[in-house]
Amino acid sequence: MLRYMLKRLMSLVLSLAVASVVIFAVIEVAPGDPASFMLGVNAQPDTLAALRAELGLDTSKAQRYVNWIGGMLRGDFGTSYTYRTPVSQMIADRLWVSLPLALYALILSTLIAFPAGIYAAARRGKPGDLAVMGATQLGIAVPNFWFAMMLVLIFAINLRWFNAGGFAGWEDGFGPGLKSLTLPAIALALPQAAILARVMRSSLLDILGEDFMRTARAKGLNPRQALWRHGVRNALIPVLTIIGLQFSFLLAGSIIIEQVFYLPGLGRLVFQAISARDLIVVESVVMLLVFAVITVNFLVDLAYAAVDPRLRGRT
Amino acid sequence: MTQHLFRPFVTAVVFGASMLASQAAAKSDITIAMQLEPPHLDPTSAAAQAIDSVVYANIFEGLTRFMGDGSVVPGLAESWEISDDGTVYTFKLRDGVTFHDGTSMDAEDVKFSLDRALAEDSANAQKALFAGIESVEVVDPLTVKVTLSAPNGNFLFNLAWGDAVIVAPESIENIKTNPVGTGAFTFADWVQGDSITLNRNPDYWGEQPALETATFKFISDPTAAFAAMMAEDVDVFDIYPAPENLPQFEADPRFQVLIGSTEGETILSTNNKQAPFDDILVRQALAHAIDRQAIIDGAMFGYGTPIGTHFAPHNPAYVDLTGGSAHDPEKAKALLAEAGYPDGFETTLHLPPPSYARRGGEIIAAQLADIGIKAEIINVEWAQWLESVFKGKDFGLTIVSHTEPMDIGIYARPDYYFQYESTDFQALMETLNATTDPEERARLLGEAQRLIANDYVNGYLFQLAKLGVARAGVQGLWENAPTAAIDLSAISWSE
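So the protein lines, in turn, are chains A and B.
For reference, each letter of the first sequence is one residue, going 1 to 315 in the numbering used here.
For reference, each letter of the second sequence is one residue, going 1 to 495 in the numbering used here.
Only chain B is shown next, with the shape it has when bound in the complex:
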């Protein structure tokens, strides 16, 4: 009798204890969803950000690397010396680093990687990062000397990009489908159209990550993204595509919402060589016609920081210039009249697929209509946008988020699609590139920001926010996106 009485109790205790035991061992696998699938896994021969999201800092590492806060720290290079004239960088490599195939990483691999990016037939999408490199010399197996044709204050920053990671000559042939790097995770499997799996690298030179395995899943549809998160099929959605759902996740204790910033300056790009936009008064009128907050609220459900120039607000060198282009339709109308368009004019507004552009475009078209500008909305796919807007320069206005970090230098390229030509700005960039003193650089960057803001080159809208959703127990995710990356090494589950 006593036995019978106790049995359920004992069962409950045993069951409870086993539950606790299984909870105590923290989960060591994670499923991370992203919208786009990488076309292949070679970060050194394509522009697709999805590649970097999977491989950056996980599979491949460079001489330097970005941290979550945007700072650049030593990567495979342990330390470096810069010559007094700023043109010779001598990198000391870490000892004992091996590629996933067991071969050692040494100065020859660094030379191979940089020479490959520089080569004439290089397929590197950011070849300009390496443009100043004159020669790469192997001093000894752990020392590399890089000589630049001119000093470049951005050089260590450039080397941190995913396009500058160190690859091995032995594995280069199959890098696109079987990437072999030096990182804390090794490539395990790719079910095309569905997922990519990475496993922990037991021979990693640095600290062992908490995760044993990570799966990247590709979910492009915003509704499906919501369902996958809600059903807990995925643990993290890196860049959640539907900001309208975020309050629902915030209210649900099962989830956390991570709001950070990206390097994406979202701008109303203006064709500076097409009439009437070749007139600064017209561009100034555009700037005053725009109500940034209304666009952030309407298109991004309130997520995003207003900007007044082409620069990221979280950067220490940022200057807030939004005051110079405050929303003032009356002033805008007066400026238009002064430029000779008292009744406004007609133009085109090309909108690529992201919701910031499509939703934002509708709002901007309405705001422009208020001052008499009739903007015809033309929805385009990215391939079309690249062809007709970017390459063909056949547009009046378009909305794009420029996601490359520190890309104010594009304003020094008169053939760039918005066709801004200013010798003052070009000279300023040349001075900047030759300057290595951080304080002087910050001052020059401020000047550059003011110059393009005062020339009203483009309509400056907002800095794109990074909106992530994750299960409540996930720790160590990057809040901001200084570069496209999902750094797995710091991610763990709370116990």
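Same shape as in the complex, but just chain A:
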């Protein structure tokens, strides 16, 4: 197990190093100058030069890369060109929205997908299965922003149960904050739940055909006991993979949902920073997201090993 973990850990560090170079190169290559974006069309050349010097944009790219990486290793993410606040502070603020939202959506999607997937697998080919599969087909086909707009139309504009968007903050307690994340979380969760339910079902069906399931039945377990004790546990491996991927997606990929619900999350921060060419913010946030994705995958790998002892020896 230790060797397995070390090996995974090394690949994690290597991936991060490669990612940092790629991110920096890609973002710095994009045309556009942060200083001229900030000062607009009437800026005079000496004003631009003064601002570029102030932002440290007059140094070489290699120097800027070294400064950036060096800073990050010390926990210093730099200062935003446009907002002039520390990037780490901005990321921390936004994470208080994005992380709960991603978790909320993930919990919702798991709560929907597990029962639906197991139910469908247990009733393979019967009307219940067909109904669940039909619904998931729809869930995958329909984009989440459409769900989002429908939810806003029904629950915010017509019924007035929720605000159409915005984030209430956590200062007034758990309730208002959670309430303002509910519609976005549902919109994010539905398509994810549809995918997860299908994976759960097919993975469970594969397992149900395995020899050990027949053995379990032969030992005297009824179908339900066999399904829960041996089937679901073994079917979890591919499901965990998908959950890991989904969490990364939910954390980084909720830009559109954050736009629709005007939530001050990470996705919107990146979006704004890209259009303002606030390079340091984009680089640091993307790097952080890569770190999160790679770490989640690392944890998923460890979870595999915990669920399936065979993986520990193999690597």
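No lab work stands behind these hints: they were computed from the structure.
Note that the coordinates shown come from a computational prediction; the quantities given were computed from them, not determined experimentally.
Watch out, some of these pointers could steer you wrong.
[Claimed, not checked] As a list, the in silico DSS-like pairs of lysine-lysine whose alpha-carbon atoms are at most 27 Å apart:
| hint | chain 1 | residue 1 | chain 2 | residue 2 |
| --- | --- | --- | --- | --- |
| 1 | B | K273 | B | K393 |
| 2 | B | K27 | A | K61 |
| 3 | A | K179 | B | K391 |
| 4 | B | K111 | B | K273 |
| 5 | B | K27 | B | K466 |
| 6 | B | K127 | B | K393 |
| 7 | A | K61 | B | K374 |
| 8 | B | K111 | B | K145 |
| 9 | B | K333 | B | K374 |
[What the hints assert, rightly or not] Label pairs and their computed distance ranges (CB to CB):
| hint | chain 1 | residue 1 | chain 2 | residue 2 | range |
| --- | --- | --- | --- | --- | --- |
| 10 | B | A275 | A | L16 | 49 to 55 Å |
| 11 | A | P143 | B | T431 | 33 to 39 Å |
| 12 | A | N158 | B | N454 | 35 to 41 Å |
| 13 | A | N158 | B | G476 | 27 to 33 Å |
| 14 | A | G70 | B | E78 | 41 to 47 Å |
| 15 | A | L130 | B | R358 | 43 to 49 Å |
| 16 | A | M10 | B | A275 | 38 to 44 Å |
| 17 | A | R52 | B | T431 | 35 to 41 Å |
Just so it is clear, CB atoms sit at the ideal spot from N, CA and C, and this is done for glycine as well.
Use these hints to put chain B onto chain A, whose structure you have.
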């Protein structure tokens, strides 16, 4: 028994009365939505209009200020005297004005603010506004003498810009995140990515505003803007981003739609130094190929005023020159043939993100195709536009709304991105700058408008409309946008 009979009635009366009581006390808070979030809150060191929208006239004030109708009135300067040769302005400051931190605003602060904008390492995005200032002298705590190197008829107008507000040296270090001004509202809170809150300043020198607190919320997505308005999460949408929804708001008694004008001349900018646009016949052909009304209807759903030159139609000095470039494809084709392009040519059309450009660009490309010009549409972000079009001048055509007020002077700068070089025009601008007599100025401005229209420098499309949506009870909003500002001081709720 009688008691029981009456109880519901009494309850209803009491309930009704309390409802009335709560309605009688007018609301004193407001939530105003805008599309873009300001990067920071220092109007003197960035071009972002969102900064001015939040702080102009609310937090910060200048020596003079714009009113909603575009007029320039005294601000922190109570009055002024101009020397006979037009080069010395002596400003008398208002007495008893304090900054939000309690320190008093005096002549030293004015000198500091103007010197800071002028300084070599100044980060002021409109440094040219101050270019003619030779010196700023403190005469006494309430008197400031500003000496110009040459007379400047625009000087009081220039001082009204958000880039010329008065700031205090003590608070300059943190101005970007904690602005301290003299205005009727103080900065209270900023939840980055979400909202900025301002509170009424109880020590304001002028009249106390009706609002106690105002929240600016940032909603960039047009669909979200519609939902937020419809769900009444926000009370006002300052510049509503989706003109196609306006009829729906107009039909709904809960809302009012405010249609005004902006300082934005929306033009088909043409690279005057790139062939074939260096030929006036080609530019004239372009002008006649354009059907302005079709663009206004198609891209802006009918909102916008056609223009024939680079000047705002609501300005008294405006001259309507649209007749000189009327839609006439046959004439356009003939002009192209005369210029040596009977079969047209290929060019590029760079479109920045706003819908006037993206939607308008599609329509213009089709209109140009009618006379044989094949314009390849290239969608760009603003940062890219600034880099390749504005700075690199690597473009054939582009669509941009020039939102600075009174900016016809850009045509006197041959290195400006559309690269119009006319010594006649440059001389005209020099005369204009040295002229202070209003009538003579209006005449010169008319001449300038004609000159660029006759040279067909750019395709002049329309004046951008200001489209605002608000809850029915909101009063005192600016209908027009002489500058980017949401002046809270006059806003109130009707009872």
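- [ ] Decide if the proposed pair is consistent with the structure: K27/B and K466/B, CA atoms, cutoff 27 Å inclusive.
- [x] Judged against 27 Å, a Cα distance of about 26 Å means the pair holds.
Open item on the list: Tell me if the straight-line CA distance from K127/B to K393/B falls inside 27 Å.
Closed with: It holds: about 22 Å lies between the C-alpha atoms, which stays within 27 Å.
- [ ] Sort out whether K145/B lies within 27 Å of K111/B, counting only the CA atoms.
- [x] The given pair, whose Cα atoms are some 9 Å apart, holds under the 27 Å limit.
Task: Consistency of beta-carbon spacing, G476/B to N158/A, with hint 27 to 33 Å - done: Since N158/A and G476/B have Cβ atoms about 31 Å apart, the given range 27 to 33 Å holds.
TODO: Go ahead and decide if the range 41 to 47 Å is satisfied by the Cβ distance of G70/A to E78/B.
DONE: Violated, since G70/A and E78/B (Cβ atoms, about 54 Å apart) do not stay within the stated range.
TODO: Assess, step by step, whether the Cα of K333/B is no farther than 27 Å from the Cα of K374/B, and give holds or violated.
DONE: 13 Å, holds
Task: Restraint check for K179/A with K391/B, where alpha carbons must lie at most 27 Å apart - done: Not satisfied, since the Cα-Cα distance of roughly 47 Å exceeds 27 Å.
Open item on the list: Run the distance test for K111/B versus K273/B: straight-line Cα separation, threshold 27 Å.
Closed with: The given pair, whose Cα atoms are some 42 Å apart, is violated under the 27 Å limit.
TODO: Note whether the CB distance of L130/A and R358/B lies within 43 to 49 Å or breaks it.
DONE: 44 Å, holds
- [ ] For the range 49 to 55 Å, tell me whether the beta carbons of A275/B and L16/A fit it or not.
- [x] 51 Å, holds
TODO: Could you say whether the range 35 to 41 Å given as a hint is met by the Cβ separation of R52/A and T431/B?
DONE: 36 Å, holds
Open item on the list: Checking one constraint from the list: CA of K27/B to CA of K61/A, max 27 Å. Satisfied?
Closed with: 54 Å, violated
Taken one by one, the earlier hints fail for this structure at numbers 2, 3, 4, 7, 11, 12, 14 and 16, listed in ascending order.
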